[in-house]
Amino acid sequence: MDSDLEERLEMVKDFVTESRELLDSVEPRIIDMERTATDSGVVDEEILNEVFRLFHSLKGTAAFLDLQTIISVTHEAETLLDILRKNKAYIKTEHVDLLCRTSDLIRNILDTVERQLTDDGFEVEAGFIINDLRNAINPPAELDVAGPGILSPGADSSAQETGPEQEEEYKQIESMDAPVTATVKQLIESVEPDGLAEPLDLTGMVLTITPEMARRFAEETQELCEEAEMALLSLEKTANAELSSQVFRAFHSIKGNAGFFGYGDIENLSHLAENVLGIIRERKQVCDQATMPVLLSVLDAISNKVLGTTSGVNQAIPNFQQLIGSLEKITAELESEHEETASSQEQDLTGLNYSASNFLLQSQEYKPVAAAQDRAVKSATDKVLPDARIEDPGIVDSSILPKQPASSNVQQVIRVDIEKLDKLLDLVGELVIAEAMVTNDETVDISQDARFGKAFLQLDKISREIQEVAMSMRMIPLAGVFRRMLRLVRDLANKANKQVELEIIGEDTEVDKTIIEQISDPLVHLIRNAVDHGIESVAERRLAGKPETGKVTIEAKHSAGEVWITVEDDGGGLNREKIFRKGVEKGLIREEDRDMKDEDVWRLIFEPGFSTAEQVSNISGRGVGMDVVRRNIEKLRGKLNIRSKPGIGTMFAVRIPLTLAIIEGMVIRVGHNRYIIPISSIKESFRPKSDQITCTPDNLEIVRIRGELLPVARLHELYHIDPKYKDLTEGILIYVDSNDNKCCLFVDELIGQQQIVIKGLPAYLKRVRGISGCAIMGDGEVGMIMDIADLVSSIEKNAS
Amino acid sequence: MSEREKLEADLLEDEEEENEDTQEDKYLTFVLNKEDFGIEIRYVTEIIGIQNVTEVPDMPLYVKGVINLRGKVIPVMDVRLRFGIEERPYDDRTCIIVINIDEQPVGLIVDRVLEVLDIQKSEIEPPPKMRKGKNNKFIQGMGKVGEQVKILLNANKLLFDEEESA
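Protein sequence lines, in the order shown, are assigned to chains A and B. When you line the first sequence up against our numbering, it's residues -17 to 782, in that order. When you line the second sequence up against our numbering, it's residues 243 to 408, in that order.
A few of these clues could be false.
Claimed, not checked - One side of the interface only, derived from the structure: several residues of chain A facing chain B at Cβ under 10 Å:
id: 1; residue: Leu316
id: 2; residue: Leu700
id: 3; residue: Arg751
FYI, nobody ran anything at the bench for these hints, they're computed from the structure. Nothing here was measured: the structure is a model prediction, and the numbers come from that model. Ideal placement from N, C-alpha and C gives every residue a C-beta, glycine not left out.
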């Protein structure tokens, strides 16, 4: 499969380059067409042919790569040119403008194609241009009318045709073209009473929804849906005005955006949902059992549909009528209990349009359309939304503004190619190394020259800051991934007829983007297992004296250059016997291995096809999930730890190294070799006195420090090095602690603290005890970075 | 693709391989313990003088450790030790030949590097059938160059063959 992708990449790259060249040669020719056309509009046939051929080629190559949008756009342009060519028709300024716009659009599409290999996301914009091109493609008779920019009757009628139905269409929009003509008509009405002025040109000016916008609409809507979902789930338990406001606002924003983009179905759903929320908020209620599933389904439907639009599909919402019906029913029920809802809603709308209009107003062009949308929204929803607010968000009083949830933030965002980021990070890493090389250079003595010392400190400070910023650029908080699990747990618990709640800790922990992408699936599987197999039924839990509601906890934290993500449940724990027997059955282990360590038994569950579930449920039991988990974690070069106690619960801990990690390390020396210990693992270092050391009959040395007794690990023994000091009192003991694995390392001397750029050990070397990676030291040599946890466990293994 | 097209594609591929700068039949020769060896040039990425090697624990004896090659950390192997021959102190003619197989770069420490030679397949004899010692698995063939014989090594086996030879 990969080679297919590579091939396509190649082809796409070629296509993009070739097409750009084609466009480069087309554009001047288009201008030439205009220039050399006589006053009556006769065009040089040769030039016309050339331009035609160029568009034709574009279409051809696009067809080869199946880039539908480009194909349709070039086809229309080609048709226009063909007509001009066949009829030796008269070219108008508008035709030239159109062709230029087409060329621009294709350029934009090419940029995207280069990145994502498809031309998705341009359907809306392409639709507009195609429309215009079609309008310009007219029976030759019409073109006899001289003068530029005159609308042919054809276009007029198309605008008028949809006129009377326009309001109707606007409410139930399924196709792309309708909003164009609808809003144009309104616009025309507002600007030119006689409706004959140059709507075509206006179209070009006003209704340019860029692909950027379409994509952002999809993204923002999804974020809003997620936000709403989370708040709703909380609303199920507690009545909270803040939460209901949040959900209300989310629906409101979705409604506004959807209206602008012409997704009438989303608009309608959100409007009705908004109503329901308004009532709930008013009465400070919880979201009851009947309402919750409906609202959640609405969010799902909207989210799915919006997801579909990013890949160019504008599908109808499957159970649209049902949802509308349910929403209306709920509203009716709620309303019959209470009267007023409308008035209080009006007030809060003041601040609430903020996010929608702010989104729209990123580009000044949209003002007129915003006004039009406003009016359209008005006609569709019968609410009064004063125009002034939309055009000038500055008016919105920040005191009215309810607390904005984090995800619909107003920050400026810029898209950056991930490759550029990677390159930047690499360079930052090298900067650190280079800096270390300067400091450690023997000819430089910072302590001697005060001015140099100061300058150097400054350099150091700045480069550290650059590092922090560079690394933070690729980091994204896990909150998004974690929160999606709330819904999952709820659904799973319901399906399995159990009561489970999800606790999230450390969601602000940031990890690299690639980790976010890969960790989602494993998390889902682990949580599924926890709910399906781990947590017992209500009855069982009662019998066991546990609280009826089971708890699943997901936690994220940074520790020693790694990210720890744990999934813990307080269920029945893993069944060692069952797993062991299954392992023997599958031939993975033998009966005699009965005494193997627990953790090794747990690892068996990761074998493909392994499952001790008696029945395969819809959710799990097929033995596929854990295999995926293991593979994904391997992809991230991570490790997986499992702990389980029967009757108490199970914990899965995923440990993933931070990709480019620059850590503070302490360089130590044993013999001729230098090792680096992450500062975060070091508690302290000292030279022991002989009375602090006790030696057991097994020759195990114990050192006493501040009342604690710690085992001593002689590094030179472990690594078979010839050390400088063999006597503990002559060397240095370093008290290290990695997640409660404690011991004291015996080394010759401490060299100093340094910033270290972690590089993975070459794959060829496979596994080394106690070493997690290597680094390039200040003098250009390589140093080994120690993995304290691994070191301690291998020492324990050696000892036993 | 039709049968015929597939066949054509195959033929073209073969041709391409042959025409590719023909790194085929070219061997980088070096000296180890007074014998001449050769390794296919297409695996070789560079040749550098010997530099300080950082030891890595837990490695087979012939893996001396790692070096810093322009910011990249590369493992190095002492080929003498790989063959079970006695070690020789490194001098200023000792070189590291960096080869790359399956995206894994490894440095080979050799006594001296000679030159790149063209050795046609017709001039290469299969490895000796008599099994004396365990190093034969590394030998891909015996190349005849004029009056001399160069022992041609199988880079893959050299790097990845697991049996302990030390």
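Subject >> Hints the structure fails to honour >> reply: 1
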